[in-house]
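Starting from the two chains in their separate frames, assemble the complex, guided by the hints.
Going down the list, the sequences are from chains R and U. All residue numbers for the first sequence refer to the working numbering, where the first residue is 9 and numbers rise by one. All residue numbers for the second sequence refer to the working numbering, where the first residue is 359 and numbers rise by one.
FYI, nobody ran anything at the bench for these hints, they're computed from the structure.
Straight line, CA to CA, 25 Å or less: simulated DSS-like cross-link-like pairs of lysine-lysine:
id : chain 1 : residue 1 : chain 2 : residue 2
1  : U       : K748      : U       : K791
2  : R       : K95       : U       : K360
3  : R       : K19       : U       : K378
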Amino acid sequence: MKITLTVNGRKENLEVEPSTTLLEALRMLGLYSVRKGCDTASCGVCTVLMDSKPILSCCSLAVQAQGHSITTVEGLEKDKDFEEIRKNLLLEGADQCGYCGPSLLLTVYSLKKRNIKSLQEIQKYLVGNLCRCTGYHSQLRAIKEFMEVGE
Amino acid sequence: MKYVKRSIKKVDGYGILSGKPAYTDDLAPRNSLIVKLLRSPYAFARVRKIDTSEARSLEGVECVLTHEDFPRIPFTRAGQGYPEPSPYDKFALDSYVRYVGDEVAVVAAKDEQTAEKALKLIEVDYEVLNPVLDFEFSEKSPPIHPEDGISGVENQQNNVCSAYEMDIGNIEEELKKCAHVVKHRVYTQAQAHVMMEPHAAFSYIDYQGRLVVVTSSQVPFHIRRILSRVLDIPLRNIRVVKPRIGGGFGGKQAVHGEIYAAAVTLKTGKPSKIIYSRKEVFESSYTRHPMRIDVTLGSDEKGVLKAIDMEILSDTGAYGEHALTTLMVAGSKNLPLYNRVNAVRFKGKVVYTNHTPAGAYRGYGAVQGNFALESAMDILASKLGLDPVKLRQLNMIREGETSPIFKIMGEGREGAEMTIKSCKLEQCVELGKRIFGWSEKFSKRPESGTKVRGVGMAIAMQGSGIAKIDMGSAILKLNDDGSFNLLVGATDLGTGSDTILAQIAAETLNVPVKKVVPYSSDTDLTPFDTGAYASSTTYVSGNAVKRAAEKMKHLIVQHGSKLFNCSEEEVVFNGEEIIGPEQRLPLSEFATKLYYSENQTQLCSTASFVGDEAPPPYMSAFCEIELDTETGKITPVRYVAVVDCGVPINPNLARVQVEGALVQGIGMALYEEVKYDSKGRLMTNSMMNYRIPSRLDIGDIEVHFVESYEPTGPYGAKSVAEIGIDTPPAAISNAVYNAVGIRLHDLPFTPEKVLKALRVKEGF
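Looking at chain U on its own, in the form it has when it is part of the complex (with noise of 0.2 Å):
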């Protein structure tokens, strides 16, 4: 292989490290309308009457929206594949408001000075109601969405948004003919994405009079299609660019300012962007689905699981964007983990709460899921007096075999039977315990005054895509010089994805990967991508991509025979050169002769894919802590990886996947608190008080990779975007048990709750 599996500098690095203008804010219009959005002050409340007649007349003030100036169609947020598994439960604008910082109203001015200040102006008179704040008695507490005209919710009255169920064998049964049972709770935070580059957009009218959009987005086509819905104007009349985004990690997965800024620009006819303060972004778009988790693991004396129950109630907040779906995340990309078992059963609940939406995050579910299952799994190990590795070693999936959970579990509905034909979870245990120096560390505990050190370890999965519901697609098109451009929907968020698809596009056709210039998630003129998200773009956009590349191949050998007046077969292009019986031809000498004097014809392949299946990554996680027993804090030590993604189509881009993924884990295993007031307000809204790791917070971190040849991936390959958040929370909460005996079940684990613990423990 000669230009995949290479860790070539990305291809749009140097200008974006040069402080080019290349994000949202810095290409919007000069004499962009400024957009605001009036946000609600209450969890809870009706909007009795709103006037806006001072607003209005405020100088410079182009106009004020509410709720009666948008058509009354429901929606869901989240950018998904359509239909989406998510509800219809929210309007663009209404005349409830279920969060601190729901919008209320919208305002368009000459300059946000002018903006802000009218948001002052407007009146509104509230009829305030009790807000549901605690997701464990939102099922008894009186609805959050009574009102008519939404769909796909569960149950209104209950407050459900959605539920799941399924099982597998006996699991009562089973568990009564288990030596050991195991019983465990968890909780998980509101986790904050905290990308650096706040949600932003604008829009304006183009001189055909279609309605342009430049997003910070993952998900430009879902947007453009959910756009079309909720503004009621045709499809084919938007245009959804993405520039390059500042981060996203799912928290750009949605539909978010971009109705607002679309809205003032079709009413006035003006240029309009939306840049969202960090508050808002912190508390209203979305945040990682908080869930309580129970286990409940059975085994046989020597260690062998027979069975895993996993019950879960999730907090989706306000509204229900990706909420069926990351529950049943939580146990599709966690249970197989250990696929032998005789019985499975897996349930849960998504509730309403009036907090802020939960939505897509980096994980998915799968990090909640791997907290609870992976703690379990140690208590498991210490019951049973086992090496938490070997216990692993003994019920873990290995290369060849399957899971029925593959097929019953999808994603908001059936999954898609699959035989796993590329894991290295073994050799990921074996050398990561050897590097790590596991046997040695776990049964010592180093202490030095207060301080004690203990070590942990976890394992995980993730998958590659959505079967059967993803689906990427890419044009090549070849250059009168030789040089191909290659149009991909796939949406580049910072991950370096447009870097690899050329690499992959450059493997296949043989050319070097500077004469493949991609183009990224432009609807007008990219081929359609469900977009960067569920760790697919690798596999599904990269296989689309090889496959326009293959296509590419053939035409260019078909159209050499035709040159050449010879027969197909007869005729090579070896990347450099198309070679017939008696000629040879530089590609370049060739393109210049197909485009301008002989068989004048344009060469272009197109190709979609969609996985029949959703390849997982495996990877082993060993980490050590140290823990200071007079203040609480827990300090990371080292973080050793082994991930298994197949072939690495870029190894450093791969490894900082890894890493920046590994960072955000033990953000939230430690420092990412979530707090709301009694009147739930959030309190963890700025980046002040809302704590993400800095450089002197997470230790040493080191990612190796064991390499498995996927037969269904390009060039070997698996996703490695999300499966380095699955494990900190989970290994970290091993190690503090090793270090101290204490078991964590809260996250994140603070000093506050390491003392209260410990003073427990102690028999305070």
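The following block holds chain R by itself, in its conformation from the complex (with noise of 0.2 Å):
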């Protein structure tokens, strides 16, 4: 079937099966940022933004997807608060195998929209957000900065 979606400002036209998930739609538009971890929406990998909140792009179809916005880091090359949260994760050594990285920057940056503030919180909010490589902390370190978040 034919879908249209809107990603990352721009209007593609694609052809799909229906059980096409929104994570094989976008990796057949070439936006590779958008990778599979686990099979069973347990490891935020997948995360893309949906009406700038995270969603996971394993287990949404490419068709639920019409009608709505969706942002990849592709799409954010040149936002401000961006640019920020990725400079301070690649300033605290926080970006190890970097598998997981987009869908962490991505949740993060939603995060600054809904103006989380307490650490708690914040970690709550990530909890979705896997790593293996990285022990979290550093993430948190560089994420804290961000969010301007003291001890």
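Encoded structure:
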């Protein structure tokens, strides 16, 4: 079936199966920042923003995304907040294997928009973004800086 | 030091965080055939007949391969130095299947749906056999590997894959003389790596007819060698490229799907790719070796250790990947911690079962052994009425000392003699104790309601590469603008090794890091390296880079003297300029001249390094936990780790290595439970029911460094990748004892086990 998605501000037409996931559709469009980690909606690696809210693209159907605005990191290349959180992660060395990097960045980005400030709330908000490399603390140092949260 | 001991950003971080295509699946040709494997539903069975005719005739299916399509060549998936210390006990496809998830047939189709459909159309007639599912009874069970043609197995009839034994002094006599003897038994589980990127590979035939395999691997050079053997094609006709990897932790230190993608490409001539599902990663890659470890410690009245006895039974699952070496490392990376004993005995066996194979995993035996030894030390301390920290301080290894074990026990063979040239373990313990506030916390057990707090500690050591076996090499190439290409076989799996190797080259050449452009892990273009394992890259490949850079410096001086028409002694290269008696030239101008106008020559240096020894990093760990006596839940509160990894080349990246490893260790200690059903099917085969720690599960973690200078390391560096995973099981178990007086010996410490132990203690 033919569908139209709004991705990173652009209208994209593509041919999909009814069962095609949003993850598959975005990769068909060449948006390789969107990656598969688990198959069970457990790891958060496939996170994208739908109308500015993080969702798991591995368990969303492409057809469901019609009429919504989808954002991936490719669409935030020149966004100031995005640049800042990316820089903070780099400065902390929190970008280890990096496979979960774009999904974490998107979730933190949306966090800023929600104006959450307490450290505990931030940790809770990010709990679905698993990382096996960093042990999370370097990410937290970077995010604290970005969210301007003190000790 | 200008460019090392600096926390610079990772050289590849920007592109990765910007989501650029970098991983295997991002780079695969769009027209790749999709390769899927039919896997065994039985833990042990013989394939009587396999009918692929329907699958083959399905539209869109390009090929179906069974064991009849592969030459019967035994091999090991393990990516190790050659000849491998692992047995050749596996075939690409076999008529026997030995665990749920073992490969039965290969399907390649135009898309995923067709491939999945074709898998269902293959009819297999299995003769189901009785599986061996309890490793403690494996030796008395019928053989899992009765077949002919395999080699390197200790005893096929008894299911003993490997065995090892060594002793120093007379352990029995020595234990008899001891005032205190402690015996302790622990069990460790088959931890899964759960790297975020599942195993992935694609292959194609290039325009010259050579096979190119791009794979998410820690060991591209071993992959090339193994593919050449298994597919029976010359090594020179294979190119293996490692793009970015989404984590490995040892899980990608072996050949996995590469064989099947490559076989399809060779058969069809078409590009093909294989991406493991998460279920396949859990069931069909491999796990940490589960072990049963018995430790006996003997000391005099004051707590001076006199004897250590360690006996291990290890479960390698269906195939013996890394079987012998993980067994030996459990001893060799722990026993030297207490080096002044009169007698040590170490013996062990590794047995086959019909479980998912076990293989390499960060810690590689050391974490299992550490859990046993460091829990036993805690028991001894409490028996002596001694502070556990004091007991360690009384007995632990010190700078300038040695242990006969270094020479006796290597990996799969004899080791290498070593006198410890850098060891700040005493300072690690002292500083950790102070920062943690051990002395105040140890004697208190704060309680609130049903929640009790407790503290525990442990120490650990690891190695830096495998002495006399692991080889790293580097090529430095001067470009016409004065920049350098650094070509290394070393394999960055997200750790940042491309960055720290560039830092080492920059330091030696005294040029900014941005002028060194690293390119790694391409068997056609980069020099040989055994790969990223055994905590080797900083030390082994780092030393190779340093040597190559020193040679490059000399080459620049040599060619500067030619240009200036003077002797070499009169020329200085300071990183920016080449300075002669009367002339000076910026490096960029010198390079331009050298390539375009005068004495035209390409400057290129190459160097290799093999360690004569594998200097251990050391650490102390102190942890506080809270235990709910009503639910049995253990919550980590705080973990303080103090590490001596020599000079950290990039302190940020070193710290993140330790933090990440600690959290993996905490997962192993508390959350990562492995469950099989009665038929040998892995129940914990998804990220939904195999739980790795989230950011809410780990408590506060503080990593500190006590710097030592390792004279044999590049700029004083030792390794840092593995050591962080070693202490959590022991330290947390010791904290549980401190909190509620129960001794947990079976990993992971789930609420059920805690409650059960509490009930036993209370006499229910």
